Amino acid sequence: MHISKMGVGAAVRVSVVAASLLAGASWIGQAVADPVTLTWGMWVGSDAEKAAWQHVADMVTAKYPDIKIELQTASWPDYWTKLPTLVASNQLPDIVSLQSLRTPGFASVMTPLDDMAKRDNFDVGAFDKSIIGGLSSDGHLLALPYDFGPLLVYYNADMFKKDNVPVPKEGWTEDDFKKAAKTLTHDQQYGFGIGGVDQVISWISSAGATYLKDGNLDITNDKFAAAFQDYVDLVGKDKVAPLQAASGGAQLGDMARGSFAAGNIAMVIDGPWQLINLKSSVKFTIGLAPVPAGAAGSITVTAGSGFGISQTSQHKEEAWKALQILTGPDAEQYLASQGRAFAARIADQQYWYKAAAVGVDNAEAGMNAALKGTVPYITTPNWNTVNNLFEQYEPLALSGKQTGAEVLATINKLSAQ
Amino acid sequence: MTSPPSITGAVSRRRGGRLWYDSLSALGFLAPGLIGLLLFLVLPLIASLVLSFTNWKIMGKTSFIGLGNFSQALTVDPVFWQVLFNTILFTIEYLVLNIIISVGLALALASLRWGKQFFRLVFFLPTFAPLVGSSVVWLLIFTPGGFLDWVMAALHIPLPNLITDPSWAMQCVVIVSLWAGFGYNLLLFGAALESIPQQYLDAASIDGATGWQRFWRIKLPLISPSLFFGIVLTAITSLQVFDQVYALTRGGPGAATQTLGYKIYRDGFISYNFGYASSIAWILFVVIMVLTAVQLGLQRKWVHYDA
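Chains W and Y are the protein sequences, given in the same order.
Under the working numbering, residues 133 to 549 are what the first sequence spells out, in order.
Under the working numbering, residues 567 to 873 are what the second sequence spells out, in order.
No wet-lab data here; the hints were simulated from the structure.
A few of these clues could be false.
Derived EDC-like pairs: lysine to aspartate or glutamate, alpha-carbon spacing no greater than 16 Å straight-line [unchecked claim]: (1) W:Lys294 - W:Asp270; (2) W:Lys301 - W:Asp493; (3) W:Lys200 - W:Asp166; (4) W:Lys545 - Y:Asp643; (5) W:Lys533 - Y:Asp643.
From a predicted model like this one, the values you see are computed outputs, not experimental measurements.
Looking at chain W on its own, in the form it has when it is part of the complex (with noise of 0.2 Å):
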């Protein structure tokens, strides 16, 4: 048996946080005015989207004026580098936002809401099937969702029709992308944007390959290594995507968008949450349409996001009842309109093409393309190492220092740690 004095420190403090939820239970039952402060982390990237959460937090103040949120928000890669150090200072919020890839290495910090939801009569099967899976772990549901979506092509309709390329549509293959983006690659700008993990995983998902075995990572088997070498050769051999210099707090997916966003690349992979920045920061007409077809079709990930209860948190059943509203239908139309959320509740999924897919080419066709082929995103617990070796070890593929292989070999072997 092994003892440890971190267990014993941990032991302490859990039994004095459950001695004060026991003696605080009795005044919940009685008092029903006590005004209560929730706090809730989440990411933003821009001043919109914090006033787009805010707005979220009053609709449950407006709902039960005795529950008040205070937000607490961080940039998305700082976000993760911060939740960790809120796990050891014991000072996580009581309502915790979760993204569906690393809900696994977080699963042991978070409350979970099968319980309360059985009990409340809470209709899980309103939302998408997908993105609960990816929010639960071990069978327990984390966090309720508020958007996912599958990762699909943006593309820059001005500079298709100005080449005079036909648009990406449902069914097109890669033939008909490497052909597209090799036309619209000249002087300078470029056809496709390379990305970090997520947009491999996708094209290698298209190809037939997989790169789980029995819940362990495994990218070192023939076919991933040949669709792997298949996607950086799109830099190297073909020359449609650019070489870019990833560091300075970017992944190589967040450079391919910004390019495409300065109008410097016509092509890139990423997710429906990003149509509200772009669609702000952009001059020309965005368009969507499914990733590529490969040998296995046009397969892609589904990712999204949602909100928990914290274990250390005093105010489980206020944020039981917060969430409820976060996550509810109205919360979901206002985040669909606002371009905020592709809704996870599936009846709600409808305000995102009325309002934020307005003015953008193909939104629905592109949508409902991409949706017949996806896949959850399942990942392992140490998905954020193994999402910064891929950012480590990818520009060595795509400047051809590396083959595909070699570069796959490094990553399984250091993730392995």
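Starting from the known structure of chain W, arrange chain Y on it as the hints suggest.
Chain Y in isolation, oriented as in the chain W frame:
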């Protein structure tokens, strides 16, 4: 011969009393700094040492694993030895170039008739800029298709793009570090050169010493205390390099520019492997200690602490 006890007793009591009072008030003045030192330096050091013997990953079970982290670093980790090699290579290259450039420029400035202060200020300016900010600007210069590529193409220099090539990426980090760091040493050595009495140099030139001999035989030994100080400090800070690596290359491409400082951050805050990161930090500490001990040993032979 004993003095009258009453007088000396009173004197020594008074002296002892004042000494005791003095040391108490000295402790009082030192207390804020001492408390700060204890809380923010000594305590975290001890905590880090304890952590390095555990497998703390914030979440999940934590246990003491003794020297497990150290053996993992030295025998299992595929990149540790490359990272250590990168760090030492960077330190040696940066240190040598930094000292040569700053001593050379200090000598050149010392012989200027006018504009000495102006040039000193200009060369010191890069030190003011935050290292991360300078690195980002240099990134724009190094980026594929950027300014440096344009210059190399115009001059027909057959080099690949520096920052995306694993063999050349470290040179980018060295260039940025040199640009940002030489001003400080320049000021240090400039001041040391100024303090050399002109009579020595005049006497030497009367005796027929050449400029090179004057430098090697007179100036260098006389500034050797400052030189030693500058070398030790530069070596210590360059072994800990992090800012430039984070902002320029993130340790890439591959592990070409990953240094120990960056590896600690990566293993700690990206892989959440804090126990292991602490052990790497202590390995770095040992490396720095050994290097400084070697330099202190060499000091006896090479540094002249004369008038």
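For each hint, the structure was consulted:
{"no.": "1", "hint": "W:Lys294 - W:Asp270", "in the structure": "violated (51 Å)"}
{"no.": "2", "hint": "W:Lys301 - W:Asp493", "in the structure": "holds (11 Å)"}
{"no.": "3", "hint": "W:Lys200 - W:Asp166", "in the structure": "holds (11 Å)"}
{"no.": "4", "hint": "W:Lys545 - Y:Asp643", "in the structure": "holds (9 Å)"}
{"no.": "5", "hint": "W:Lys533 - Y:Asp643", "in the structure": "violated (23 Å)"}
Figure legend: structure checked against the earlier numbered hints; hints not met, in rising order: 1 and 5.
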